[in-house]
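Peer 1: Each chain, letter by letter, is given below.
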Amino acid sequence: MKAKVIGIILVVVILLQFFRGSAPEVTVENPNDLIATAELSGDIAATLRAACYDCHSMETKYPWYSYITPVSWFLFHHIDEGRDELNFSEWAAYSKRDKLRKLKDIQEEVEEGEMPMESYVIMHSEASLTEEQREAIVTWAKNFAGEVIRE
Amino acid sequence: MKKTFLMLLFAGFCLAGFNSAYAQKEETKVLLVSQNDTDQVLSFTMSAMQVIDAKCLGCHSPGGKSDKAKDKLMWEKLQKMDAADAVAKLDEIIEVLEEGEMPPKKMIEKYPSMKLSAEESATLTAWAEASMKKAMGE
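Keeping their order, the protein sequence lines are chains A and B.
Using the numbering used here, you'd call the opening residue of the first sequence number 1 and step up by one each time.
Using the numbering used here, you'd call the opening residue of the second sequence number 1 and step up by one each time.
Okay, chain A solo, but in the shape it has when bound:
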């Protein structure tokens, strides 16, 4: 009986692999990218890449488990939603108003610990932010907003 159940589960899992879903596109050349167009310190750029860029840019790096359905479904959904909210690769193309809104959102989400998402950090320890790193991002976002409004 037990063997039968396990067998059925295995078959379902194998069948599911044929329905991985389409992974959001990855592009490496992004002329509007934030890091490419703004003058960020090396530290801030590194932190953004490590903790944010997988979901909030076109430069997503797909890990091994993104090839396993149904994990792939959650992943692709997160990436689609993340890019919808904020896509660093499109930064220069955002309107002034959108930039200011997003910079404020970044301050709030990072300060409150909402971002990066816990489920992401568990699988990516390099995305775990120290208090100092959070403060640095928040300060950077605030200062950058001050620059953007004067554009």
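Since the hints were derived computationally from the structure, they do not count as laboratory data.
Model, not experiment: these values are computed from the prediction.
Careful, some of the hints might be misleading.
To be verified - Straight-line C-alpha distance at most 27 angstroms; calculated DSSO-like pairs for lysine-lysine:
no. : chain 1 : residue 1 : chain 2 : residue 2
1   : B       : Lys106    : B       : Lys72
2   : B       : Lys68     : B       : Lys115
3   : B       : Lys80     : A       : Lys104
4   : A       : Lys104    : B       : Lys3
With the hints as your guide, set chain B onto chain A.
Peer 2: Below, chain B without anything else, positioned relative to chain A:
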């Protein structure tokens, strides 16, 4: 002795009563200025203020009961924000109005008249858009 004590107690109650009555009278200090006052980053038009007073200040003012609401938005603080923060907050207000998220559903279920009419929503949105342009120096 007893009489004096009772009189003092009575006086004490009277004082407490007056105090709380005055406390309830404290109103939101929102500065209503004409749109031409360029000193303020944000100014409120009469029509916008009427909507805000009727539909928003209950929660989004110092006297409001919901900490969550006060954290999110305090109308009187909006006037003191720097331009970058103000633009972000105004953008959020416009989004909330577009989505019909405020006043909250639970509030409207209890008090249907609190729902923002199409006209009120349009008034606030127009005011927010104009304020945003001004804050961005456009």
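Peer 1: Could you tell me which of the hints above the structure violates, numbers in ascending order?
Peer 2: 4
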